[in-house]
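Throw the hints in and build the complete structure from the sequences for me.
There are 2 protein chains.
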Amino acid sequence: MPVPELGRSDSTFELKEIELPELKEDQVLLQTIFFSNDPAQRGWIQKDQDADRLYIPPVRPGDLMLAGALCKVLKSTSASVKEGALVQAYVGWTEQAVLDAKAVTSLPDLPGLSPSVFLGALGGPGLTAFFGLKEICKLEEGQEIIVSGAAGATGNVVVQLAKHVFKASKVIAIAGSDDKCEWLKKIGADVALNYKSPSFSADLAQAAKPSYVDCYFDNVGGSILNACLSLIKKHGRVAACGAIAAYNDRSQTVLDNWVEVIMNRITVQGFVVIDYYSRRAEAIDVLSTAVKEGKLSVSGGETIVRCTEFEKVPEVWMRLFSGQNTGKLVTQIADL
Amino acid sequence: MPVPELGRSDSTFELKEIELPELKEDQVLLQTIFFSNDPAQRGWIQKDQDADRLYIPPVRPGDLMLAGALCKVLKSTSASVKEGALVQAYVGWTEQAVLDAKAVTSLPDLPGLSPSVFLGALGGPGLTAFFGLKEICKLEEGQEIIVSGAAGATGNVVVQLAKHVFKASKVIAIAGSDDKCEWLKKIGADVALNYKSPSFSADLAQAAKPSYVDCYFDNVGGSILNACLSLIKKHGRVAACGAIAAYNDRSQTVLDNWVEVIMNRITVQGFVVIDYYSRRAEAIDVLSTAVKEGKLSVSGGETIVRCTEFEKVPEVWMRLFSGQNTGKLVTQIADL
Numbered sequence: 001m002p003v004p005e006l007g008r009s010d011s012t013f014e015l016k017e018i019e020l021p022e023l024k025e026d027q028v029l030l031q032t033i034f035f036s037n038d039p040a041q042r043g044w045i046q047k048d049q050d051a052d053r054l055y056i057p058p059v060r061p062g063d064l065m066l067a068g069a070l071c072k073v074l075k076s077t078s079a080s081v082k083e084g085a086l087v088q089a090y091v092g093w094t095e096q097a098v099l100d101a102k103a104v105t106s107l108p109d110l111p112g113l114s115p116s117v118f119l120g121a122l123g124g125p126g127l128t129a130f131f132g133l134k135e136i137c138k139l140e141e142g143q144e145i146i147v148s149g150a151a152g153a154t155g156n157v158v159v160q161l162a163k164h165v166f167k168a169s170k171v172i173a174i175a176g177s178d179d180k181c182e183w184l185k186k187i188g189a190d191v192a193l194n195y196k197s198p199s200f201s202a203d204l205a206q207a208a209k210p211s212y213v214d215c216y217f218d219n220v221g222g223s224i225l226n227a228c229l230s231l232i233k234k235h236g237r238v239a240a241c242g243a244i245a246a247y248n249d250r251s252q253t254v255l256d257n258w259v260e261v262i263m264n265r266i267t268v269q270g271f272v273v274i275d276y277y278s279r280r281a282e283a284i285d286v287l288s289t290a291v292k293e294g295k296l297s298v299s300g301g302e303t304i305v306r307c308t309e310f311e312k313v314p315e316v317w318m319r320l321f322s323g324q325n326t327g328k329l330v331t332q333i334a335d336l
Numbered sequence: 001m002p003v004p005e006l007g008r009s010d011s012t013f014e015l016k017e018i019e020l021p022e023l024k025e026d027q028v029l030l031q032t033i034f035f036s037n038d039p040a041q042r043g044w045i046q047k048d049q050d051a052d053r054l055y056i057p058p059v060r061p062g063d064l065m066l067a068g069a070l071c072k073v074l075k076s077t078s079a080s081v082k083e084g085a086l087v088q089a090y091v092g093w094t095e096q097a098v099l100d101a102k103a104v105t106s107l108p109d110l111p112g113l114s115p116s117v118f119l120g121a122l123g124g125p126g127l128t129a130f131f132g133l134k135e136i137c138k139l140e141e142g143q144e145i146i147v148s149g150a151a152g153a154t155g156n157v158v159v160q161l162a163k164h165v166f167k168a169s170k171v172i173a174i175a176g177s178d179d180k181c182e183w184l185k186k187i188g189a190d191v192a193l194n195y196k197s198p199s200f201s202a203d204l205a206q207a208a209k210p211s212y213v214d215c216y217f218d219n220v221g222g223s224i225l226n227a228c229l230s231l232i233k234k235h236g237r238v239a240a241c242g243a244i245a246a247y248n249d250r251s252q253t254v255l256d257n258w259v260e261v262i263m264n265r266i267t268v269q270g271f272v273v274i275d276y277y278s279r280r281a282e283a284i285d286v287l288s289t290a291v292k293e294g295k296l297s298v299s300g301g302e303t304i305v306r307c308t309e310f311e312k313v314p315e316v317w318m319r320l321f322s323g324q325n326t327g328k329l330v331t332q333i334a335d336l
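First to last, the sequence lines map onto chains A and B. Oh and the first sequence: position 43 is 43 in the working numbering, straight run, nothing missing. Oh and the second sequence: position 103 is 103 in the working numbering, straight run, nothing missing.
I should point out that these hints are in silico values taken from the structure, not numbers from a laboratory. A couple of the hints might just be wrong.
Which copy is meant is left open, because identical chains are indistinguishable; a pair holds if it fits in one copy or across any two.
To be verified - Lysine to aspartate or glutamate pairs mimicking DMTMM-like chemistry, simulated, CA-CA at most 20 Å apart:
hint: 1; residue 1: Lys-16; residue 2: Asp-63
hint: 2; residue 1: Lys-233; residue 2: Glu-293
hint: 3; residue 1: Lys-233; residue 2: Glu-311
hint: 4; residue 1: Lys-47; residue 2: Asp-256
Structure follows, in structure tokens:
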């Protein structure tokens with residue numbers, strides 16, 4: 001996959017310098033520290049994306065690229081947001097921004113943790129893992145689950161929660177390298193399989209049979225989804241959470257096992273975490289308790305890339321699609 | 001698609017003559033009158049079918065081909081089954097059979113209707129339509145629905161029930177000929193589209209937009225499933241009931257819109273009617289009331305093929321896969 005280059009006529013991204021406005025009442029001037037890199041951003045910029053079919057307004061040519069971030073408050077005219085505080089905001093790919101104070105979210109206090117965990121295990125990916133397991137997979141104690149993209153931002157939290165919090169009897173994790181698989185076994189996977197191995201399909205079937213699995217937490221779509229459809233129990237469930245295998249090549253999703261969905265009465269449920277934001281406190285409670293009890297390790301679950309040239313921000317984001325990173329991929333553009 | 005020929009080394013079917021046993025206590029000798037032809041039978045004979053993944057024991061080489069049928073009782077040693085009665089039984093493709101009396105089901109009394117309707121609108125296809133709409137689509141008054149395979153045994157009942165019993169505000173029916181579409185409009189479809197038309201995709205999108213539809217009752221899978229995934233409302237539903245487009249060529253199900261399932265939080269639920277047999281009385285009540293009230297027409301909903309040579313039974317069944325018939329395809333091998 002080509003890395004986007006700036007300044008070419010077919011570049012996806014362009015660098016712009018703009019003048020920031022003066023702060024009005026109840027506004028903040030923010031300095032971005034960390035960008036969140038999310039596969040979902042690929043959908044937001046899909047060419048000719050139908051706005052009706054997306055859960056946020058799509059990013060159109062000329063728009064600021066949308067992204068979640070952690071920012072330091074440089075100036076504030078709001079009583080509720082203090083200068084120097086670290087806050088969460090959808091500033092997009094920008095170094096500094098002026099926002100209304102009500103558009104930023106203060107971070108909960110979790111001593112001893114890097115604030116970047118609020119983009120990963122205790123942020124969107126952590127919430128996705130928790131609500132995906134609870135509401136979509138409906139995972140119960142003693143059940144068996146397959147997780148793909150297991151070394152990714154959401155996947156590694158799924159593995160840990162499934163094993164240590166939901167108490168699954170078997171967690172089968174799928175990732176793209178032997179090193180990732182080793183790590184996944186350390187954090188809770190009973191079986192970890194490298195999908196690039198020539199024996200992957202046979203190994204996966206052997207791991208899942210003879211009992212088959214109760215659910216599949218799908219972060220990748222494509223051929224792995226197809227393989228898993230044959231390995232889900234009668235009346236089992238699929239949480240359709242991501243399809244990173246298909247975002248850049250939609251012809252990847254050939255489901256020649258589709259008939260399994262019918263014959264085995266499988267339920268496949270698409271899922272976007274924003275539907276559960278109103279229940280964020282419930283998830284943060286479970287996740288932070290799991291961290292304190294040593295059931296959720298956040299230290300190995302993020303890759304922070306320091307980006308000294310702002311032009312490289314898209315290139316770092318693209319690592320999501322080549323499987324280079326482990327856990328949550330965070331771009332840091334300034335010091336804390 | 002080649003029609004199966006008997007007597008060749010690669011024939012799917014072989015004709016066998018066997019000696020029937022004498023009747024023991026509580027048994028019946030049956031003469032088959034009507035065979036039910038069902039797309040599901042294709043799955044039951046799939047080569048190397050994994051028995052774990054099928055909801056009935058698969059038919060293996062040498063086994064009697066499984067099929068539902070209506071039969072006349074020629075002899076009975078049971079007090080509960082009278083000679084001369086018409087009963088429903090899974091006799092398989094056979095002219096006569098000896099069964100335990102408890103393996104046959106008496107037919108309810110519905111004066112004025114051909115008994116063959118108990119294989120169609122008031123049999124498995126009717127139950128599939130009713131429970132699919134009620135439990136899988138969860139169709140409510142005023143909602144919009146797309147139905148594929150709409151001129152088939154299940155599809156035509158879906159169209160009629162959706163419009164006249166569940167009171168959908170819009171029923172979009174998909175079938176394979178202009179004649180079928182004309183008929184579907186007569187029995188309740190607001191829009192009927194021929195999927196062989198060059199403008200089909202555009203016509204379908206236009207019919208479904210701008211409101212999109214609440215659910216899709218999928219009898220065909222393949223490219224029509226793919227097209228429909230883009231036309232289902234946020235949080236909408238797909239009843240995965242059949243995949244006749246894919247039974248004989250599994251590479252047909254290329255879902256290049258799979259990302260729509262995620263972004264629009266669509267639920268796809270596989271479905272086999274046998275799970276609802278214990279609630280059969282509820283469905284029969286709704287269906288027979290609909291017949292009496294003129295909301296469900298059964299006369300146009302079946303194609304009966306008289307088969308004087310038993311060798312032609314597989315050939316008639318194969319019509320299911322070439323779209324030749326309208327409504328329930330019934331094979332008659334003897335007079336009533």
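For each hint, the structure was consulted:
Taking the shortest Cα distances, Lys-16 and Asp-63 sit within 20 Å of each other inside one copy (11 Å), while across copies they are farther apart (72 Å). For the identical chains of this complex, Lys-233 and Glu-293 are neighbours neither inside a copy (32 Å) nor across copies (42 Å), given an alpha-carbon limit of 20 Å. Proximity of Lys-233 to Glu-311 under the C-alpha cut-off of 20 Å is found in neither arrangement, the shortest distances being 48 Å within a copy and 38 Å between copies. In this homomeric assembly, Lys-47 and Asp-256 come within 20 Å of each other (Cα to Cα) only across copies, at 15 Å, whereas the closest approach inside a single copy is 28 Å.
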